[in-house]
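Novice: What follows is each chain in one-letter form.
2 protein chains.
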Amino acid sequence: MRQAGDLSCAPSIDAQQALARAEALCQQRGARLTDLRRRVLEIIWSSATPLGAYTILDVLRDDGRQGAPPTVYRALDFLLAQGLIHRLASLNVFTGCRRPGSHHSGQFLICRDCGRVSELSNPAIDELLRAETDARGFEVLAQIVEILGRCPDCLEEPTRHD
Amino acid sequence: MRQAGDLSCAPSIDAQQALARAEALCQQRGARLTDLRRRVLEIIWSSATPLGAYTILDVLRDDGRQGAPPTVYRALDFLLAQGLIHRLASLNVFTGCRRPGSHHSGQFLICRDCGRVSELSNPAIDELLRAETDARGFEVLAQIVEILGRCPDCLEEPTRHD
DNA sequence: TGATGTTATGTTATAGAATAACATTTGTTA
DNA sequence: TAACAAATGTTATTCTATAACATAACATCA
Ligand SMILES: [Zn+2]
Ligand SMILES: [Zn+2]
Ligand SMILES: [Zn+2]
Ligand SMILES: [Zn+2]
Chain A
1 MRQAGDLSCA PSIDAQQALA RAEALCQQRG ARLTDLRRRV LEIIWSSATP
51 LGAYTILDVL RDDGRQGAPP TVYRALDFLL AQGLIHRLAS LNVFTGCRRP
101 GSHHSGQFLI CRDCGRVSEL SNPAIDELLR AETDARGFEV LAQIVEILGR
151 CPDCLEEPTR HD
Chain B
1 MRQAGDLSCA PSIDAQQALA RAEALCQQRG ARLTDLRRRV LEIIWSSATP
51 LGAYTILDVL RDDGRQGAPP TVYRALDFLL AQGLIHRLAS LNVFTGCRRP
101 GSHHSGQFLI CRDCGRVSEL SNPAIDELLR AETDARGFEV LAQIVEILGR
151 CPDCLEEPTR HD
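Residue numbers (our numbering), protein chains in the order written: chain A, 1 to 162; chain B, 1 to 162.
Errors might be hidden in some of the hints.
Stated by the list, open to error - Covered stretches of chain B, going by a simulated chain A footprint (3 or more residues, C-beta under 8 Å):
1) 70 to 81
2) 125 to 135
3) 138 to 149
Hint data in this document are derived by calculation from the structure and do not stem from the laboratory. C-beta: ideal position from N, C-alpha, C; glycine also.
Whole structure, please, built from the sequences with the hints as guidance.
Specialist: Written out as structure tokens, the structure reads:
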């Protein structure tokens, strides 16, 4: 996959805003955004594409920090619980939530070519799914809506599958 | 999880119909539904709940058949390619397709308590997703719509989480 | 302050899911 | 039958995630 971003660059504006937002939300809730958790969130936001847990772990180790899989999975669990990130089940990766504050399951467009992800919040989709489940007497706990395809940018270019 | 079915019972009517349907479709397409592939499909249909690849492998070994992970994954790949089964990304399990013949991504209601799955085919959902992706110039290759919750049967009972 | 309980992190080991690579067998076709 | 292609057997490895227990950091109260 042609990666659209890298991790070495300084935190982007997006990342900085996301971190500030996370700080505020956690403060509000009395949740502890520790150094480790903040750093994991920063790593996620510093990438243009969603990251797997082990990739995040590699970055932590590059930081000089000690760590093992539970280190990163626990941080991810916290961030998921706070609604600060989403997990993309189809790829086993994690991405920053563009609209934290209101917990939601999210709807994602995932580009097969560049790996970038758009997060939708189409209420009509939620409503339609809700109507369908209501009609069947099914109680919804979580929704997964992930669409794999090719983004406009990648469609412009001549197709080249790596 | 309270499993709603087991694998020991004889193939159900559903399973028999699904197998007959699969035979016909493969015949039509010149695809080879070999003993192994047919048996894997039968195992999947013989369970009231979706199965993981390694569970299927266990059953194959109980059959006295030799096998390793690639054995079952290759059969699953074939069945997926033929549109005879679906993979549920949120659970890493496989379930028989209720409407084979027309390839589709499917929409699933997954009960957290009993594990049973309903496959929807709501064209309105597809259309809405299509409208959203069209508006963004995003080319769709595959859709994942999985809803985790509690089915009507399990809602009737007093909540008991194992 | 120090004792105590709670939360977070460190650490080791293991479980679970999927694929790579190559050998062998089976089926098809010339 | 020879030659080729498709399917399966086999071994090893990679990737993802969690169990279990030890230690450290933080909060609360006597
Ligand atoms: Zn979100
Ligand atoms: Zn793209
Ligand atoms: Zn289907
Ligand atoms: Zn149920």
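Novice: Hint compliance check: list the failing hint numbers for this structure, sorted ascending.
Specialist: 1
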